[in-house]
Amino acid sequence: AQSVTQLDSQVPVFEEAPVELRCNYSSSVSVYLFWYVQYPNQGLQLLLKYLSGSTLVKGINGFEAEFNKSQTSFHLRKPSVHISDTAEYFCAVGGDQGGKLIFGQGTELSVKP
Amino acid sequence: DTGVSQDPRHKITKRGQNVTFRCDPISEHNRLYWYRQTLGQGPEFLTYFQNEAQLEKSRLLSDRFSAERPKGSFSTLEIQRTEQGDSAMYLCASSPSPDRGGGYTFGSGTRLTVV
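The listed protein sequences derive, respectively, from chains L and C. Residues 344 to 456 (our numbering) are what the first sequence spells out, left to right. Residues 470 to 584 (our numbering) are what the second sequence spells out, left to right.
One or more of the hints may lead you astray.
Residues from chain L shown here face chain C by an in silico Cβ test under 8 Å; the list is partial [claimed, not checked]:
| id | residue |
| --- | --- |
| 1 | F377 |
| 2 | Q385 |
| 3 | G386 |
| 4 | F433 |
| 5 | K443 |
| 6 | G447 |
| 7 | G449 |
Hints listed in this document are in silico derivations from the structure and should not be mistaken for laboratory results. All residues carry an ideal CB built from backbone N, CA and C; glycine is no exception.
Chain L extracted, bound-state conformation (with noise of 0.2 Å):
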């Protein structure tokens, strides 16, 4: 069984400082991994993906996430972050053949002037 754990569920910040939001991940098989974004009464929307090779993913709008498997995280960063990055961010986890994502329970990004 697969199972997502976002160790955050509130990150607060303020305007052109760094953020991370955490991921934690618990897979018996190889994983496709996810971080998705989510705006007041959106549907959700991709920011990026690792499915192999390089372990440091780039996505949309200046993000980006490390894959660790020995770790089993999948955490998000981006270096300075704007009042429009306020929204609901969830990761992913897939598996390698496709099929259902298991999300964790998400993470709520404030962005503070």
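Following the hints, complete the assembly by docking chain C onto the known chain L.
Chain C only, in chain L's frame:
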């Protein structure tokens, strides 16, 4: 292509009534997924289809829930005898197959409120 479309965007219903939601996936995607999201939680998997075949159902999907994708294009999710606990956002997503981690495209969701 306008992406994944869900209808309606909002639905308010009285407890005990039946409701049906529709999802139109991206036309070339043959996989379609339904998720439920309650306030402050991540999406929970309900079921998915490959073409018209329903390949997996979560145990969250009680007997009151039924999903169909009769022609392998759009899908409907019906909830019978709604309960207040059914209040949630119902999200639809689609992907190509084999998706090999290509990632889903999500619709904007249908927010159900049971009063």
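We went through each hint and held it up to the structure:
Look at F377 of chain L: its Cβ gets to within about 6 Å of chain C, closer than 8 Å, so that hint holds up. For Q385 of chain L, the interface hint holds, the least distance from its beta-carbon to any beta-carbon of chain C being 6 Å, beneath 8 Å. Interface restraint check: G386 of chain L against chain C, minimum CB-CB distance 4 Å, threshold 8 Å, status holds. A hinted interface residue such as F433 of chain L counts as satisfied when its beta carbon comes closer than 8 Å to some beta carbon of chain C; here the least separation is about 5 Å, so the hint holds.
Given the 8 Å rule on beta carbons, the hint for K443 of chain L holds: about 5 Å separates it from the nearest Cβ of chain C. For G447 of chain L, the interface hint holds, since its Cβ comes within 8 Å of a Cβ in chain C; the closest pair sits about 5 Å apart. The beta carbon of G449 of chain L is positioned within 8 Å of a beta carbon in chain C (closest approach about 5 Å), and the interface hint is therefore held.
Going through the hint list in order, the structure satisfies each hint without exception.
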